[in-house]
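Sequences are here, hints too, so could you generate the full structure?
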Amino acid sequence: MAGLGFACLVLALVVCVYGIAASLYGVRSGRVEFSESGRRSVYALALVLTAAMAVLEVAFLRNDFAFNTVADTSSRTTPSFYRAAAVWSSQEGSLLLWAWLMSLWSSLALFLTRKRLRDVAAYATAIMLGFGGFFVSLMVFYANPFATTHPAPPEGAGLDPLLRFPTMMIHPPMLYSGYTLCTIPLAFGMGALLARRVDADWIKAIRRFAFAAWLFLGAGILLGARWSYSELGWGGYWGWDAVENASLMPWLTGTAFLHSLMIQEKRGMLKVWNVSLVLATGTLAIMGTFLVRSGILNSIHAFGGQTLGVPFVVLIAVLIAGSIYLVVSRREMLRSEHRLDSLVSRESMFLLNNLVLVGLCFVIFWGTYFPLISEALTGQEASVGPPWFNRYTVPLALILVLLSGIAPVIAWRRATLANFRRNFTAPIVCALLALVALLAAGIPEKPLALTMFCLAAFVLGSVGQEFYRGARARRAMAGEPLALAVLALVRRNRRRYGGYIVHVGIAVLFVGVAASSSFQHASELALSPGQSTRVGAYQIRYVRSTATITPKYDEAHTGSTLSLGALLDVTKNGRHVATLDPSEGFYASGEASQGSVGSLIGGQPVSHVAMDAGFTRDVWTAIQPDIEAPALQRIVKIGNSTLPPADAIVAIVALAHAYVTHPPQAQFHFIVSPLILWIWLGGAIVVGGALIAIWPAPSVVRRRVAVRSRARAVRGLARV
Amino acid sequence: MLALVGLVVLVVGAPLRRARRGDGSRLGASSPSQPAAGVERSSRREHDALQAARAELEAAREAKYREIRDTELDYRTGKLSRDDYQAIDADLRAEALTILDRLERLSSTDA
Amino acid sequence: MNPSRKRTVRLVVALSAAVALASALIYTSFSAASPALTPSQLLRQAEPGRSYQLTGTVVAGSVHREGAVLDFSVADRAGGAAIPLAYTGTVPDPFREGREVIVTVEKQGGRYVGERNSLITKCPSKYKTAPASENQNS
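Chains as they are written, first to last, in the numbering used here: chain A, 8 to 727; chain B, 22 to 132; chain C, 51 to 188.
What the hints contain is simulated information worked out from the structure, not anything from laboratory work.
C-beta: ideal position from N, C-alpha, C; glycine also.
Check the hints yourself; a few may be wrong.
[Stated by the list, open to error] Residues of chain C clear of chain A, computed beta-carbon distances all greater than 10 Å:
id: 1; residue: Arg94
id: 2; residue: Pro98
id: 3; residue: Ala118
id: 4; residue: Gly129
id: 5; residue: Arg161
id: 6; residue: Ser168
[As the list claims (entries may be wrong)] Here are the simulated lysine to aspartate or glutamate pairs, EDC-like style, with alpha carbons at most 20 Å apart:
id: 7; chain 1: A; residue 1: Lys644; chain 2: A; residue 2: Asp654
id: 8; chain 1: C; residue 1: Lys56; chain 2: A; residue 2: Glu344
id: 9; chain 1: A; residue 1: Lys122; chain 2: B; residue 2: Glu83
id: 10; chain 1: C; residue 1: Lys56; chain 2: C; residue 2: Asp126
id: 11; chain 1: A; residue 1: Lys273; chain 2: B; residue 2: Glu116
id: 12; chain 1: A; residue 1: Lys273; chain 2: B; residue 2: Asp110
id: 13; chain 1: C; residue 1: Lys157; chain 2: C; residue 2: Asp126
Below you can see the structure in the form of structure tokens.
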């Protein structure tokens, strides 16, 4: 079976090489059949990699420990769901996932453009196959997912307990989809430059891919933040970690691209911006992929594998050099057709937006790669922490939100100045009302957070005004009731109103971020049962300790041998709010050196957070039971010396009993954060708005009729 | 495995086989293969260029119509005065007319 | 001012602003950064009052908890010089003896104090690339 898998990889490599040659030959010689063949190579690649993926999945599901990746990351006791997902928890498996997803998206993109963009698509095919070939070569020569060991070990090492959460298993495919989707616009961007066709048809095609990439990447980032907050023991959702930043950077340039693409569509401007942005997005995505697995930067995610660093650096260097060359050599073709008509126009707002987003990206880039930069410049590796990042990203984020509130109120080309000033009344009133309300409610003076809240109110005011005025205009024309008017308005102007909804979502998200960062109450302390503490407006009482044992071979749970925890009673002003049960799971390590009992709980412990999520605040709790306490360790030692492995579970029962009856003091971490839910809510609104914006327009037939009648109208005007 | 390789060759080679068959069947008994295939290829290239130009103009037309609608919405939601709106609208419609003319000329050359 | 001159002015203003901001950014990054040092380097270079990023391995047998404070020692990856430090704050789940950690420390008096909540433990290397060795058959 492993042989079959590896043969698939080799076949994939052959297909890539052939496809590149065929596409390039086809486009240079004009022989369409070769370009066609090149395109079909991508389909074939997807087919072959699907087969390879299937082989690996089957190996995992069947517990075939001859496969090294299966032996390293799975075990007989791992539940089926996690076994299936463990495929991508190893370096080799994740490379296969990357290549497979890439081949799927590439096939889809080429299928959707099979009748258009002939030349561009041919070059794009070659580039996409180049990426595919790169990743497949990595697998064939460096990190083979189908490597085997004979004789096969009887049992696997098991999945790292930290990964035994559903969100954690979905996080890589989602994020990889985002990363791989970013390479599609890159390929089509380079293809367009190579074919010298950066035009309206290209815009139409590339927008869809860029949007999909943006959506998936954004969802992946949000899921990662959510996982970090709800599953990890530190209670935060963003730490400016190198790997987090690496995924954010292409998303920022992608956002800039989606906006400024509209300008190119309308006015033929910002072409250089757009190709640069699309190339940067793809390159940053590759850099992000590289960062996670190269270990060149210290990060929680720093997976080892120095051997893969060099090929990636070469690829990135080629991408950067190639991009610069293409843009410079094609600059004649990228000249703007028009100039900015007026500073008071949506175009200039979008340009400012570009600058802010790129500025944000630069700040994050600098901070993330600073260890390397400082080492190169000063010989001393140094790193900057969250305070530095926050100092520069927060003001830029504020400007971004402000711009998203101004842009709806401004017209394309040139806004009428008098109207422009008048149109701001309602949004500014909203912002001021918010300010007054917040100050009156006694919100402590935190200028940055307050500014964000007011700006968010400003955005809501301006978007609300847009909806209201648009609906009113529709009613004046079609006489529908208000609700229907709003729906019709959105349906007929999806891009605009979907975009407005996205901006509302972003504002809500930032409000959540501002509130939860500025007005958080956190407390870390040791408690014994019966004791209580005050966190923010809440009283938290440690009621009693808990202990749960799960048998060694259970399928239903995450497989921890022993879970020690606490029952907490949360009250506010004497009123009961919630009962929370945080715990820490201790897993089997499989290391005989820890003793028969020790090895059952000697694996990496995983914190199970308990929280009460609410619209206005989250109460988040985590516990670190003192497993090292003398009383408990005595039981372990006695068990190690007297019990054989088969009976060791008896000592675990004793441990549980001891913990419930005489618990040592445990370390608790409590956080009360306002408005955390608004972050996830804002994210959901963004996704909803984005889907509305990219949903294809209604009945195509109706549009054709409208088009024909419009044509007549245009001609009519000309004759007058 | 062999089945997979066979499938790949089938999928990837289909256009090549089709082209060779197409060239062969279009050949008369007398004419040598090279020039006829060359003529086929160059006319196909012309056809492709025409297709590309048409797709480009159609996309530009769609974008222009969207612009016209957007400007009207801008006017109706109070961002433009009547005078400004009429000026911009006239510009846009003139631009749309240019595109429509070019499209018509393209269709007539193709016919 | 004619339009093209206006455009040039705008461009110059924008570029100057960008350059100014970038310079501020770059300057502060150097002064705000904490150098990453190994224990042996830290022993040589540490100045009291400055914070450093200490990277190394947790020494076996050195981990003790006293209330809210966690004491442990960090040694060079290759073994050798070890630095004992007192740390308060969140301890990540993967933390244990023998694991690689990064913690921000400051020299206070004669002791090293870990900055609150700055302890990062590297996830055990799941993404290990199997070396191309003899016992790999494919």
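Hints and how they fare:
The beta carbon of Arg94 of chain C sits about 13 Å from the closest Cβ of chain A, which is more than 10 Å, so the claim that it is off the interface holds. Chain A leaves Pro98 of chain C outside its interface by the beta-carbon criterion, the shortest separation being 18 Å against a cut-off of 10 Å. Against chain A, the non-interface label of Ala118 of chain C is violated: not every CB pair exceeds 10 Å, the least being about 6 Å. Distance to chain A confirms Gly129 of chain C as a non-interface residue, since its nearest Cβ pair spans about 19 Å, more than 10 Å.
For Arg161 of chain C, the shortest C-beta to C-beta distance to chain A comes to about 21 Å, beyond the 10 Å cut-off, and the non-interface label holds. With a minimum CB-CB distance of about 8 Å to chain A, Ser168 of chain C fails to clear the 10 Å threshold, and the non-interface call is violated. Restraint check for Lys644 of chain A and Asp654 of chain A: satisfied, since their Cα atoms lie roughly 14 Å apart, inside the 20 Å limit. For the given pair, Lys56 of chain C sits about 18 Å from Glu344 of chain A by alpha-carbon distance, which is consistent with the 20 Å threshold.
At roughly 18 Å between alpha-carbon atoms, Lys122 of chain A and Glu83 of chain B fall within 20 Å of each other, so this suggested pair holds. Between Lys56 of chain C and Asp126 of chain C the alpha-carbon distance is near 60 Å, which puts this suggested pair outside the 20 Å criterion. Of the supplied pair hints, the one linking Lys273 of chain A and Glu116 of chain B holds, its CA atoms being roughly 11 Å apart against a limit of 20 Å. Only pairs whose Cα atoms come within 20 Å are accepted, and Lys273 of chain A paired with Asp110 of chain B is accepted, the gap being roughly 13 Å.
Restraint check for Lys157 of chain C and Asp126 of chain C: the C-alpha separation of about 18 Å stays at or below 20 Å, so the hint holds.
Of the hints listed earlier, those the structure fails to meet are numbers 3, 6 and 10, in rising order.
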